[in-house]
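Chains as they are written, first to last, in our numbering: chain P, 358 to 734; chain R, 46 to 511.
Incorrect hints may appear among the rest.
Residues on chain P that point at chain R, a partial pick, calculated with CB under 8 Å [as the list claims (entries may be wrong)]:
{"hint": "1", "residue": "L368"}
{"hint": "2", "residue": "G376"}
{"hint": "3", "residue": "R386"}
{"hint": "4", "residue": "T392"}
{"hint": "5", "residue": "L402"}
{"hint": "6", "residue": "K403"}
{"hint": "7", "residue": "S438"}
{"hint": "8", "residue": "T525"}
In the SDA-like style, the derived pairs of lysine to any residue whose C-alpha atoms are separated by at most 20 Å in a straight line are [unchecked claim]:
{"hint": "9", "chain 1": "P", "residue 1": "K370", "chain 2": "R", "residue 2": "K316"}
{"hint": "10", "chain 1": "P", "residue 1": "K371", "chain 2": "R", "residue 2": "E294"}
{"hint": "11", "chain 1": "R", "residue 1": "K316", "chain 2": "P", "residue 2": "Q686"}
{"hint": "12", "chain 1": "P", "residue 1": "K405", "chain 2": "R", "residue 2": "A507"}
{"hint": "13", "chain 1": "P", "residue 1": "K370", "chain 2": "R", "residue 2": "G444"}
{"hint": "14", "chain 1": "R", "residue 1": "K351", "chain 2": "R", "residue 2": "E371"}
{"hint": "15", "chain 1": "R", "residue 1": "K287", "chain 2": "R", "residue 2": "K340"}
{"hint": "16", "chain 1": "R", "residue 1": "K125", "chain 2": "P", "residue 2": "Q686"}
{"hint": "17", "chain 1": "P", "residue 1": "K690", "chain 2": "R", "residue 2": "E147"}
{"hint": "18", "chain 1": "R", "residue 1": "K441", "chain 2": "P", "residue 2": "S438"}
{"hint": "19", "chain 1": "R", "residue 1": "K363", "chain 2": "P", "residue 2": "E435"}
{"hint": "20", "chain 1": "R", "residue 1": "K64", "chain 2": "P", "residue 2": "E406"}
{"hint": "21", "chain 1": "P", "residue 1": "K533", "chain 2": "P", "residue 2": "I618"}
{"hint": "22", "chain 1": "P", "residue 1": "K403", "chain 2": "R", "residue 2": "K345"}
{"hint": "23", "chain 1": "P", "residue 1": "K371", "chain 2": "R", "residue 2": "G444"}
{"hint": "24", "chain 1": "P", "residue 1": "K370", "chain 2": "R", "residue 2": "P369"}
{"hint": "25", "chain 1": "P", "residue 1": "K370", "chain 2": "R", "residue 2": "P409"}
{"hint": "26", "chain 1": "P", "residue 1": "K411", "chain 2": "R", "residue 2": "V71"}
{"hint": "27", "chain 1": "R", "residue 1": "K49", "chain 2": "P", "residue 2": "K371"}
{"hint": "28", "chain 1": "P", "residue 1": "K403", "chain 2": "P", "residue 2": "K418"}
{"hint": "29", "chain 1": "R", "residue 1": "K358", "chain 2": "R", "residue 2": "K125"}
{"hint": "30", "chain 1": "R", "residue 1": "K437", "chain 2": "P", "residue 2": "L369"}
{"hint": "31", "chain 1": "R", "residue 1": "K363", "chain 2": "P", "residue 2": "Q686"}
{"hint": "32", "chain 1": "P", "residue 1": "K411", "chain 2": "R", "residue 2": "K340"}
{"hint": "33", "chain 1": "P", "residue 1": "K403", "chain 2": "R", "residue 2": "A507"}
{"hint": "34", "chain 1": "P", "residue 1": "K411", "chain 2": "R", "residue 2": "E371"}
{"hint": "35", "chain 1": "P", "residue 1": "K405", "chain 2": "R", "residue 2": "K125"}
{"hint": "36", "chain 1": "P", "residue 1": "K561", "chain 2": "P", "residue 2": "Q686"}
{"hint": "37", "chain 1": "R", "residue 1": "K363", "chain 2": "P", "residue 2": "E406"}
{"hint": "38", "chain 1": "R", "residue 1": "K340", "chain 2": "R", "residue 2": "E294"}
{"hint": "39", "chain 1": "P", "residue 1": "K403", "chain 2": "R", "residue 2": "I446"}
These aren't lab readings, by the way, just hints derived from the structure by calculation. Glycine included, every Cβ here is placed at the ideal spot set by N, Cα and C.
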Amino acid sequence: MNSKTDIVDELLKKCVQCGSCVLLCPIYRATGQETFSPRGKLYYLKLKEAMPEKFDDELAKEFAKTIFTCAFCGRCVESCSSEVDLTEIFRDIRRDSVELFPALEQIEENISEEMNVYGLDNEMRAESWTMELYDDFPDIDDRIYNEGMTADTILFVGCLMSFRSRHTNVLKSTIKILEHLNEDYLILGGEEYCCGHPLDLLGKVEEADKLRAHNTEIFHNSKAKTIITDCPGCLEALREHHKIDPSVRILHFSEYFDEKITDVPKKLNIKLKYHDPCELFRNNKVNEAPRSLMRKMGIEVIEMEPSCCGGGGMLRVTDGKIAQVVMDQRIEKEKLKEEDTCVVTCCPSCLEQFEQSGVTTWDIIEYLVKALELEEE
Amino acid sequence: MMDKLNRIIIGSNASIFQKIDPDSNVEVFVPTNEDEIKTAITYARENKLPITTKGGGSGLSGACTGASRKKVVISTMRLKKVHEINFEKGFAIVESGITPDELNEIIQKSKPNWKFFVAPSSRDIATLGGILSTDGGGNDAWLAGTMVDNVLAVEMIDYNNNTITIEREKGEKSNLKAKITCDNKNLEKKLQEMNFSLLDISGSHGVLGFILKIKVEIKTLPTENELSYTLVHAENLNAFGKVIYDLIENNIPLSYGESIVEARHPDISGKTNPPMFIFEYPTKYDEKMKSILDKIDDIKSTKVDKEKFAIMKDIRVKMAKRNPPEGYQIALFEGYGIYGENLLRFEEIINTINKTIRNHTFEPFIKFGHAPSLWHVGNEKIKGIIMHSREKRPEKLTGEIVFNAILALVETCEKLDITPKPEHKWPYTRGSEKHKRLVSLTEVLGKEFNTFLLDCSSEELAQLVL
């Protein structure tokens, strides 16, 4: 079997340096420097191998910082006719340079100690947002997994949605829809560990696998037939890295509800700009389900360039300024502040990135609950 | 420290010449306007350093590298301003760092059926300045010509920050006649006396100065419902050559002409079955095309719909960057220009080229190209196929092995009377008319831009192969 270094070496040889990845790269667009482009980063590695005497440790540190200046949107991989998975190379380099960013080390420590990115008590995962559902669903606590409990569907919430208040409304809406559909479902609460996706982005695959082994065991114990999540990063981790029994279906909310719902009582009759979350449509190939669901709701989708919002790849942690420039450029190109419309998406990270930039943004589930007339007036 | 990183990474480019000593890039500038360009040029002048201009870095000639000689590199990648788009008069004036795709996106926002008609497969990254400097063409060159045929004027800056404008004479179709304007009247007079023209800048590889602005022609697209799409498969390479020969003889106005000569990759060969062509042309030429193709033995033509045509185009565009099923590709030598009676002995030509490749431990991988197409050699327009080639790298690869193979291919081409497009063989053009002309122009314009191009040795180049 080839070692990790052999794989990187092979990818470097595959790259013909054609440059098709340069102008597409949101980081290149934001910085205007080829140093931050995928081709530029690969060229550094190639030249280092050919002229090692010209490279020192200080330079290596600066280079490593550029590798962390990447939103992992995957557009370079998608555009590469030479089939070079640049993100694979970048992960490999990140693994050895996490110490350059104390905030990333903190995240790593948080996950290691508390099984979530925020370092909060993991038992709190299903506390604050479920409390807001007591009036409507007094038995909601019965939906929180305990050993021996089983259900057809597991709702995997993810760290971001579990602990950040912005997403409470999305989760409340999700529960209302699940209840409306009479679904047999469970939330994992404190038994849900981080999916490992943030660690993957740091190249820490072994550490991520430990978390995944726990989650997988719970999934199997719960006898779940389907696992659903709204977070595209979690979805990727669940589908690709959790080693879950292949008979278990792993779906994004949009896919799950698109299957379950054929029509809605209240057509919304609105036009919305849809932001395709990079991790959802490039990495998980979920493209049609959100659009189909929106069509059913009477939402006319205004398509945008399938470009990044700057919210992925830990970029907000490693270089918030560049993440913001990426977002600002998206706002300018798509005229998101000039027209009387708002953005709809289905990724908690993207949603926050848009909202923090002053763009009115909703999760697709927040519209679905309206279309199903489940929301209080 | 980031400066040092920038000075390393500016060497990134698609040619085989990638082993650029980072210390040789003394300073890198990425200007966004004319003032910043002039600041960069002033820096070079004050430090007595030559200048290399870099566009998208997608070219295979390596001219944007400046070799490993001490220099200042100026990137045009942030010079993307569109000064004017004039649909009434059919031109656009743009800065040199814009790509064809970027320009067409802007044009088509206003008028979806208008276009700038130069479409190399690298049109997503190649800059207009770079395409002019290599006289790039594309799959529509047969009808639209190469870059120089689509340029009306160029604004250039020399080492002394003089701005020189070279404008095609009004009503003049030829690229040879131009009106020169320059603040330095003495320089203007000398250049006018030398009949300095757009054809000189075309394929000059940045030797003559810094290209700031370009005025290009823009035109309407053919109406889609009047186009036909045909695939032509040949049973052998001579029949393949005969197709090009006869289409040239009959001057069929193909708006898209591409070919796959050979492909040793099951994904490509399985879907395309080379040797084959992908053609688009006005439907009113259906009968004429049929009568030409019917007379050629050993070929089969099939009319296809627009969707199938688009799939074939996509395969063709992407194949240049693909790797073999096992191992990796290398572009040893770009732009074999096969024309005239040579088209009728295509098989012998390909066999001879492949033999040369194999003799130097490489393995032929894919060959493809614009056909029929045209290109400029000196003042003459040549009609034939511009064939591109990719080889499979041997296990053991050194700069010397690569360079010896290239020199052998140059010799093979000369023996076979294949005329490579000049822009792709700049290292080997000593004594050519183009080389002499560029040398004489640099006597007037100065020898500070990309100087290595005119005097580098084979040994120096071999050191650059990565």
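With 8 Å as the cut and Cβ atoms as the points, is T525(P) at the interface with chain R?
violated (41 Å)
Holds or violated: K316(R) with Q686(P), Cα cutoff 20 Å?
Violated - the C-alpha atoms of Q686(P) and K316(R) are around 39 Å apart, more than 20 Å.
Is the straight-line distance between the alpha-carbon of K370(P) and that of K316(R) 20 Å or less?
Cα-Cα ~26 Å, so violated.
20 Å Cα cutoff - pair K411(P), E371(R):
violated (32 Å)
Taking 20 Å as the top limit, are the C-alpha atoms of K340(R) and E294(R) close enough?
Holds. K340(R) to E294(R) sits at ~13 Å (cutoff 20 Å).
Check whether the Cα positions of K690(P) and E147(R) lie no farther apart than 20 Å.
Holds, at about 13 Å.
Proposed proximity, K125(R) with K358(R) (alpha carbon, max 20 Å):
Not OK: K358(R) and K125(R) at ~28 Å, beyond 20 Å, violated.
Does the structure keep K405(P) and A507(R) at a Cα separation of 20 Å or less?
holds (18 Å)
Taking 20 Å as the top limit, are the C-alpha atoms of K370(P) and P409(R) close enough?
holds (18 Å)
Just to be careful, I want the Cα atoms of K351(R) and E371(R) compared with a cutoff of 20 Å; is the pair within it?
The given pair, whose Cα atoms are some 33 Å apart, is violated under the 20 Å limit.
Measuring from the C-beta of L368(P) to each C-beta in chain R, is the shortest one below 8 Å?
Constraint on L368(P) not satisfied, violated at 10 Å.
Tell me if the interface restraint on G376(P) is satisfied: Cβ within less than 8 Å of some Cβ in chain R.
holds (4 Å)
Checked against the numbered hints given earlier, the structure breaks hints 1, 3, 5, 8, 9, 10, 11, 14, 18, 22, 27, 29, 31, 32, 34, 35, 36, 37 and satisfies all the rest.
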